[in-house]
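Once you've looked at the hints, dock chain V against the given chain B.
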Amino acid sequence: MKKRDIISSLFWFALGGGICYGGYDLEIGTLHDPGSGFMFFWMGMVIIGLSLSIFIPALRLEGIKGELKTLWAGLRWGKVLSVLAALFIYAYVLIPLGFIPATMLLLTFLFKSVEPQKWGWAVFGAAVSTLAVYGLFQLWLGCQLPPGLLGIS
Amino acid sequence: MELLTYLQIGFSVALQPINLFYCFAGALIGTLVGVLPGIGPVGAMSLLLPVTFSASPEGAIIMLSGIYYGAMYGGSTTSILVNIPGEAAAVVTCLDGYQMARKGRAGPALGIAAFGSFIAGTLSVFGLMLLAPPLAKFALRFGPPEYFTLMVLGVTVLIYLAHGSMAKALIMAAIGIVLGLIGLDSISARPRFTFDQVQLLDGVGLVPVVMGLFGISEVLLNIEQVIRQEVFKTSLKGLLPTRKDWQDSAMPIARGSILGFLLGILPGGGGVIASFLSYGIEKKVSRHPERFGQGTIEGVAGPEAANNAATGGAFIPLMTLGIPPNVVIAMLLGAFMIHGITPGPLLMKEHPQMFWGVIVSMYVGNIMLLILNLPLIGIWVKILKIPYKILFPLILLFCLIGVYSVSNSVFDIYVMLIFGIFGYLIKKFEYEGAPLILAFVLGPMMEHNLRKSLIMSQGDFSLFFTRPLAAVFLIAALILLISPLIPWLRKKRKVIPKEETS
Chain B
1 MKKRDIISSL
11 FWFALGGGIC
21 YGGYDLEIGT
31 LHDPGSGFMF
41 FWMGMVIIGL
51 SLSIFIPALR
61 LEGIKGELKT
71 LWAGLRWGKV
81 LSVLAALFIY
91 AYVLIPLGFI
101 PATMLLLTFL
111 FKSVEPQKWG
121 WAVFGAAVST
131 LAVYGLFQLW
141 LGCQLPPGLL
151 GIS
Chain V
1 MELLTYLQIG
11 FSVALQPINL
21 FYCFAGALIG
31 TLVGVLPGIG
41 PVGAMSLLLP
51 VTFSASPEGA
61 IIMLSGIYYG
71 AMYGGSTTSI
81 LVNIPGEAAA
91 VVTCLDGYQM
101 ARKGRAGPAL
111 GIAAFGSFIA
121 GTLSVFGLML
131 LAPPLAKFAL
141 RFGPPEYFTL
151 MVLGVTVLIY
161 LAHGSMAKAL
171 IMAAIGIVLG
181 LIGLDSISAR
191 PRFTFDQVQL
201 LDGVGLVPVV
211 MGLFGISEVL
221 LNIEQVIRQE
231 VFKTSLKGLL
241 PTRKDWQDSA
251 MPIARGSILG
261 FLLGILPGGG
271 GVIASFLSYG
281 IEKKVSRHPE
291 RFGQGTIEGV
301 AGPEAANNAA
311 TGGAFIPLMT
321 LGIPPNVVIA
331 MLLGAFMIHG
341 ITPGPLLMKE
351 HPQMFWGVIV
361 SMYVGNIMLL
371 ILNLPLIGIW
381 VKILKIPYKI
391 LFPLILLFCL
401 IGVYSVSNSV
411 FDIYVMLIFG
421 IFGYLIKKFE
431 YEGAPLILAF
441 VLGPMMEHNL
451 RKSLIMSQGD
461 FSLFFTRPLA
471 AVFLIAALIL
481 LISPLIPWLR
491 KKRKVIPKEE
501 TS
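Taken in order, these protein sequences are the chains called B and V.
Under the working numbering, the first residue of the first sequence is numbered 1, with each subsequent residue one higher.
Under the working numbering, the first residue of the second sequence is numbered 1, with each subsequent residue one higher.
A portion of the hints provided could be inaccurate.
Unchecked claim - Below are the DSS-like pairs computed for lysine-lysine, each with C-alpha atoms no more than 27 Å apart in a straight line:
| id | chain 1 | residue 1 | chain 2 | residue 2 |
| --- | --- | --- | --- | --- |
| 1 | B | K2 | V | K428 |
| 2 | V | K427 | B | K79 |
| 3 | B | K79 | V | K385 |
| 4 | V | K382 | B | K118 |
| 5 | B | K79 | V | K389 |
| 6 | V | K349 | V | K137 |
| 7 | B | K112 | V | K382 |
| 8 | B | K112 | V | K137 |
| 9 | B | K2 | V | K427 |
| 10 | V | K103 | V | K283 |
| 11 | B | K118 | V | K389 |
| 12 | V | K349 | V | K452 |
| 13 | B | K112 | V | K428 |
| 14 | V | K382 | B | K3 |
| 15 | B | K3 | V | K428 |
| 16 | V | K389 | B | K112 |
| 17 | V | K103 | V | K385 |
Claimed, not checked - Label-pair distances were calculated between CB atoms; the ranges are:
| id | chain 1 | residue 1 | chain 2 | residue 2 | range |
| --- | --- | --- | --- | --- | --- |
| 18 | B | G120 | V | R102 | 36 to 44 Å |
| 19 | B | L52 | V | A250 | 50 to 58 Å |
| 20 | V | P387 | B | F11 | 31 to 39 Å |
Calculated directly from the structure, the hints in this document are not laboratory data.
Every residue, glycine too, gets a C-beta built ideally from N, C-alpha and C.
Next comes chain B alone, as it looks inside the complex (with noise of 0.2 Å):
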């Protein structure tokens, strides 16, 4: 059997139904004044169907044991992870720090963390990157960055 595609079908299968029962939910209405739910209600239900027409020929195939794991055999997940991380801290951090602190942190880390650069360059790059897209997007274009801690804005 592939995996990954019976994975993805009990996914979809599970948002399918979602979408149906809120489709339902919001009222589908009839065929001469469809409702609220009515796109929502019919798109769940293609959903699920087509869900499962990856679901049942994928039980049939076969594959290796373990496919999942082929998927990101031999490459650098852990990356993708911390780096996701940092982004999502940055989010997080971007009101209250503000946008040159936030910014130089996060470059700085993206810079060390892939393929690491040396200190010095990382955090000129950073500094310099920050103050750029800085200039481009607040004193240029006019865009509101938030001012945060050091209330530069």
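Then chain V, alone, in the frame of chain B:
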């Protein structure tokens, strides 16, 4: 005479200094995006969409259009020099372009790619100029059933041409429609799937979804691997093709221009399909098909002409019907709407300066691109050498701030990151994001037209079969959807690379 008046309006808009600047900026950024693998025209357009808020609607669309056709020009540079396509429509150029570079003929390859793109792009703008007005008048006959079925056909064609499983592409399209409908119901004003989040009352934003699905996820996939790219060291002297090169390339450019333009108009069509079909045709009509894949100039001239001609053709359904035929044009539709303009049959009448200004700017843009692509090739080669470890943090930063600046909302950043994870995972599980985005943009219009149609017919679905145009669109869509069940149709379905989104 009328056409001359329209052109006059167009030139008066396109030649304004600020609009010339936007055209240049779009063309330059588009070329850069095309040169650099890892971010495609959709990602670039979504990054720059917030930047266009301070521009006039004409300036915004001119710049974003420039990114689209600029990317088609730029993609050939990496294909020829590095054997890595800068964007999907340049995949075919790798086959013969890189081989030409290996034989010391990188200059003529780059030259004919640029000239062929210029000729095809100019011809396609000419075609757009001639076809758009009568088509706009014809489109006034379209009612809700025609619009609904045409959108169904557009999404279906994209699903049919998707890489891999049609069922997976259909699921993505269905998810896209659902996502597009989140927010307040346009008729009853009832919140739908907002989970009591005030930020979702206006729906999920296009920019966070696109940037997450194509920008963030692409970066995540790239940093997972170790990318080694070696720029082919060759002399770039002699960019001007020889007389023989022109003789060999003339007909491929002509055929590619026509093919690309027509395919660009079709829903689901675009530069990728056009370039592949052009390559296949040139190989078939050539007296020496065995030379294809070994470095023949026809294998570069035809596909490059086709993918640029497709950009002009793709504007026709957008400008005249308000329906985007592919994902990149769907981004332009989003930009139109953000600037308060609804493209469609009335665009030419109500906003002639926008309509003709954009068309004329494409002429200007093509000239700029020819100038950018030839003398500046040395600079593009240097840019190619920037390591990805330097580029990816900057791409991520632009995504973050670009999304934030749309409505000063951290919520949008979270949405983008969630879609970034979603995009990363769906690619791992062999799903594509393009059908989702097209359906996301079309979903609200599809629902609106479907509900209007059903109200008109009092719930009778036969309306879609009794109106001739709607019937044609719907039957075509049904044939494509059932094609996997028909053996001889299943064989015809070619596997093509992903759309010009990355």
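We went through each hint and held it up to the structure:
1. At roughly 13 Å between alpha-carbon atoms, K2 (chain B) and K428 (chain V) fall within 27 Å of each other, so this suggested pair holds.
2. Distance hint between K427 (chain V) and K79 (chain B) is fulfilled; the C-alpha atoms sit about 18 Å from each other, no more than 27 Å.
3. The straight-line distance between the Cα atoms of K79 (chain B) and K385 (chain V) is roughly 23 Å, inside the 27 Å bound, and the hint therefore holds.
4. Proximity of K382 (chain V) to K118 (chain B) is assessed by CA-CA distance (about 23 Å); at most 27 Å being required, the pair is judged to hold.
5. Between the alpha carbons of K79 (chain B) and K389 (chain V) the distance comes to roughly 12 Å, so the proposed pair stays at or under 27 Å and holds.
6. For the given pair, K349 (chain V) sits about 10 Å from K137 (chain V) by alpha-carbon distance, which is consistent with the 27 Å threshold.
7. For a cut-off of 27 Å, the pair hint linking K112 (chain B) to K382 (chain V) stands: about 24 Å separates their Cα positions.
8. Restraint check for K112 (chain B) and K137 (chain V): not satisfied, since their Cα atoms lie roughly 58 Å apart, outside the 27 Å limit.
9. For the proposed pair K2 (chain B) and K427 (chain V), the alpha carbon gap of about 16 Å is at most 27 Å, so the pair holds.
10. Distance restraint check for K103 (chain V) and K283 (chain V): the Cα-Cα separation of roughly 20 Å lies within the 27 Å cut-off, and the hinted pair is therefore satisfied.
11. For the given pair, K118 (chain B) sits about 13 Å from K389 (chain V) by alpha-carbon distance, which is consistent with the 27 Å threshold.
12. Of the pairs offered as hints, the one joining K349 (chain V) and K452 (chain V) holds, with about 25 Å between alpha carbons and a cut-off of 27 Å not exceeded.
13. For the suggested pair K112 (chain B) and K428 (chain V), the alpha carbons sit about 26 Å apart, so the restraint of at most 27 Å is met.
14. Our distance criterion of 27 Å between C-alpha atoms is broken by K382 (chain V) and K3 (chain B), whose separation comes to about 44 Å.
15. This hinted pair checks out: K3 (chain B) and K428 (chain V) have alpha carbons roughly 12 Å apart, not beyond 27 Å.
16. Taking the CA atoms of K389 (chain V) and K112 (chain B), the gap is near 9 Å; set against the 27 Å cutoff, the hint holds.
17. Of the supplied pair hints, the one linking K103 (chain V) and K385 (chain V) holds, its CA atoms being roughly 22 Å apart against a limit of 27 Å.
18. In this structure the hint that G120 (chain B) and R102 (chain V) lie 36 to 44 Å apart at CB holds, the actual value being about 39 Å.
19. A beta carbon spacing of about 53 Å between L52 (chain B) and A250 (chain V) agrees with the range 50 to 58 Å that was offered as a hint.
20. Against the hinted window of 31 to 39 Å, the Cβ-Cβ separation of P387 (chain V) and F11 (chain B) comes to about 36 Å, which satisfies the hint.
When held up to the earlier numbered hints, the structure conflicts with 8, 14 and fits the remainder.
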